[in-house]
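S.K.: These are the residues of each chain, in order.
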Amino acid sequence: MRILALFKVVAELEALTEEDWRVDAELRPQERYVRTTLNPEDESALELALRLREALPPGEAVLTALTIGDERADRTAATLMALKFDRVVRLAPPADLRFRPELTAALAAAEILARPQDLILTGCRSADGGNALTPFFLAERLGWPIVAETLSLAPASAPEAAEGGEETGETAKAAETAGPSGGASAWPGGGLPPLAVESLTDDGLLRQVVVPPLLAAVGNAPSAYLRVPTVKDRLSFGRRPPEVRQAAKGLDVRPRLKLRSLTRPDERRRVRLVDQGAPSDKAAILLQALTERRP
Amino acid sequence: MNREDIVANLKKILGADRVTTEEQALRDASVDRFRKYENIRGVCTQPVPAAIAYVQSAQEVSDVLQFASEHQINIVPRTGVSATEGGLETVVPDSVVLDGSRMNKILSIDPYDMQATCQCGVSLQTLDDRCREMGLTTGHSPQSKPLAQMGGLTATRSIGQFSTLYGGIEDMIVGLEAVFPNGRITRIKNVPRRAAGPDIRHVVVGNEGTLCFITEVTVKLFPYYPENNVFLGYLLDDMKLGFELLREVMVRGYRPSIARLYDPEDGASHFSHFAGDSCVLIFMAEGPKGLAQATAEAISAIVAQKPQCRPVDPDYIRRWFNGLNWDPIKVAEERAEIIATNNIGHTTEISAPWSRLYEIYEVVMKRVRAEVPDLTLLGGHSSHGYINGANIYFVYYYNMVNIVPEEEITKYHLPIKKIIVEETLARGGSMCHHHGVGKHRAAWIEDEYGSSFYILKTLKEAFDPRGVMNMGDIIPLKR
Amino acid sequence: MRTIAFLNGLSAALPAQVRALQAFAAARPALRPQLTVVVVPTSGVASPPDDAPWVGEASQAGKKGGLAASAETASVGPRLEGRPGERLGRRPAGRILRLRTPWIQPESLTEVFAFLTSGGRAEPASAVAEALTDVFQALRRAALGQAPNDASADVIDVEPFETALFPPGVFGAEMAGRLAAKLGGAAVIGLLDVVLDGSPPTAVKRVYSQNLLAGFELVQGPYCLALSPDWFGSRAGRPERPATEPADEATGDSADDSTDDSTPARTTGPGAGESGAVTPLAPLEADLASLPTPPRLLGRRETPAQTGAVLAEAKTLVVAGRGLDDQAGIELAAATARALGADWGVSRPAAMSAWAPLDRLVGVSGTVVAPRWCLAVGLSGAAALHAGIRKAGFLAAVNSDPKAPIVGLSDLAVIGDAKPILQELLKAAAEAALSLETRPEDPSPETQALSHGPAAAS
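Protein chains in written order, with our numbering: chain H, 1 to 295; chain P, 1 to 479; chain D, 1 to 458.
Hint data in this document are derived by calculation from the structure and do not stem from the laboratory.
Below, in silico cross-link-like pairs of lysine-lysine (DSBU-like), each with a Cα-Cα straight-line distance of 35 Å or less: (1) D:403 <-> P:289; (2) P:220 <-> D:403; (3) P:418 <-> P:478; (4) P:330 <-> D:427; (5) P:330 <-> H:84; (6) P:36 <-> D:427; (7) H:84 <-> P:36; (8) D:403 <-> D:427; (9) P:330 <-> D:391; (10) P:330 <-> P:220; (11) H:84 <-> P:366; (12) D:403 <-> P:36; (13) P:289 <-> P:306; (14) P:418 <-> H:232; (15) H:84 <-> P:411; (16) P:330 <-> P:366; (17) P:306 <-> H:232; (18) P:12 <-> D:427; (19) P:11 <-> D:427; (20) H:232 <-> P:330; (21) P:330 <-> D:403; (22) D:391 <-> D:427; (23) P:418 <-> H:84; (24) P:457 <-> P:189; (25) H:232 <-> P:366.
If we strip away everything but chain H, and leave its shape as in the complex, we get (with noise of 0.2 Å):
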């Protein structure tokens, strides 16, 4: 299975002070001097990508991660190698991209169907953007199904899919010649394992059974930290250099919008401060101040 996993370098936006927002004539805060971070719902997908990997047999799956961005990029690249991602691309951007999903997902489908994959996992919004446009349009230029807001993925057994969901006579035909084990082979949709996909809805949990290829927006997935390469393996592995590529030019892809300000919302209020005095006393006052809704 070929899994590709889309991801973003951002700034931490927390290690900026009320001075940093302030926006340049470019429609920027100062965002370049702090500390980088993956984008969290990308950290979770990189993560997901690599359990997957550990729970399909060895040698099954091939991981790529894909990244349109500046060589801060790089550090987390390197990380991804020595995590044994078999390839690292990344692309300089053309342009900025942060409220142009269209043109990203015009760039990153452009080198995915140069590489054909299997399977795409990607955070649903970034930190900086917000469009958590992305993936659809990604999904649309691929002509692929897409989960948004999945929590989790991982291989569906055979009985799992047969009774996954309401059954009909698809789902039973195809578990039937599937066979216990569930073994590729046996699946509709050319040999690829189907997945059990968790994703959450306005009115809960989804779960749903789907056979590749597919695009899995990732959301809040509790805790799917990406797991941290040995100094050992940054050594071995992290040190061969990721693909570094222009992106594809030429591609016609116009704005949808265009942003036209950006400004720091004051949302402060005017606080009563209280520091002094005993737990008790300090609950006293808030269970006043609740009580009579003032501070």
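Since the structure of chain H is provided, determine the placement of chains P and D on it from the hints.
M.R.: Only chains P and D this time, still in chain H's reference frame:
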């Protein structure tokens, strides 16, 4: 005396609302950040103390210590709870944790005499913020600043990030008040200097709660000129060259407030957004404008003589510095990540003369890499310079593989510490630069002191004859 | 410019979605939907929930019990009801369509999940999106006077639809995204405000994890707009109004007075003859048997939210963050909340550490609340969380760091260790045995706004 009686007596002395016996609070109070992993995992390997007692005056401290002396109850003094070496571990069963964090009044800030006096439970952040409002600063800025309080900072001989200019706590303390196990409340007055016998402040500063309980301190104040701060940053590929440049700056007589050298591993976790795989050399000059400028210019000139050093936009350095301190949010974040990734990190800091520093760094790196499994990060930086040497702060993270929580220390942390301590002591350095001995370096204390251990030991025998003050700290318990 | 609003008919969130769209559109005349499509994904016999309220004139039907009140539920099937050649009224203001999603139409679709459930609940999102796309496109084509692309499609005489409006939540965001992807238009997910009758049309949302407010010019139509869960109150100082009464709805859009309201909509479906009644469209059908590719969705099951927490309705709330150290700390906060008669939630870091179930998540990626009071304990006040609680009437915080952002954002900030203070508060609240939530003379901000009629609008 059994636990119930201890608690009853404490309540009689202090009042019931000053004594905590809530189970989780007691379990948390039995350890400090050395055993953070056990604590996160809900494992309690240390004897649970009988109570946490909160004091609010020197007299109360005196009453409690007299009671403890009489009945031979082990007392562990604490204020900000940011200790990292096991100093707060209640290794003796039925200890009492004596907490001074409620003695949190700032008593005076005197801009004429340039001194500030406060009780032991004042947080350094609070004190320094208040001083800054007046255009002054304590000059003391350890990474634990948002958490640590003045009593503990004095008891551990702490040092801050600007020490190369301002010195460590020992250079900042003017006078203090401390209570001894026999109940004696002693006050050392505030004078700029005196030669009236040995400097007895140094019996108290650094005692780690093994001799007395600090209730009040007076520290020097300095003018605060943040607008004059000048930052300098360089990338280089040779750690040895970095140490040489640090030395050059110090030996020529310059006093930047920050002079730091990071190796690539440690550096990567801070500076990956601009440093790639290089070592990072950082300076900050502060103070009156002329002085700050001159210092910065001189340092630039020194480093410029080595073209291997590539200058970095100072703005990177300035912003990085703003985010360095350990506030409660970072601590909580750390807990979540440790659990999620099963990966944890600690530090060990040593000091040595210039001539031995790089050697120690090299051999430690080699040995730890070879002898300790599952490492995910091993690096170090030097951050406190003197005319005659500097420190090295080793940083190490590892995956915890196939262990129960208690084994983290025996499988990884102590073996690493052992290598660092041994290689440092063998080359004439000190195994504890500024974190204090705690419980976990006490095993090597006689090697650290050699023949002068006699002086340390006698102090303990003299001031704590009954053996009730933080036993097991600095001097190990006899088995 | 005309707007279609889309709602998820089988979600328990439908009533809240309707209210949100009603209130949002009420204050923005240019945005009032001319057509509201309630997606009721069924394969056949399932009927929509009885208690779903309705926009505009059909709210009268709603009073009788919602969707089911109309007779056409009798003939439920995988199609849009009606016949070719039917026309909607010239001003289909506030009309509601029941769209029953068809089976997949393979030749016009990228790979989608085959619709396999029966008697069932919600349909795979992609099939829904496809169906919405078809409706939208059919309506636009008709509006532009183009011939329908196949004989079974509808012919509708309506004005061009340029905006698709979606409710807050997962459904809305996903449908807006998918629709924009398929139609090539601009999407804004997390919309706070939009001005369509300006030139150019503009939209406002928060970016950089809620830290900054962004104003966008909408360049490419159709505009697919999904409301932010905290859009509420985004017009500073003005309470948002609910949808007006049906009578107002008919006189509605001030921008276009040339309508002949006296012409009743001609329909032959149920409810015919009443002005503004539901007018069915021609069916869109698909033939499952002609599917070229084997089905890739092998199973599907939806389970309701873990604890059924409905934080959005909470009148008083305690929100706990990672400053409480661990799950036990969160439990203490929850117990304190109960003693105070309040509900409780957590910040994202606490939820990500699995200290509480995901449906307790407060914030823009979880639930947005508008309680009378909110007590924020052990959380820093990062923008994403704050966006979820900023509507609180009274905001109190407990934090050990006086510099934490939450302090400046609160009415009362108590500095100290959270756990001991919570323990004391728990004790004190239990002793006082107060129920702090019932103050009949003082409604919550949301109730206040929604209950104000047109008279109170200014």
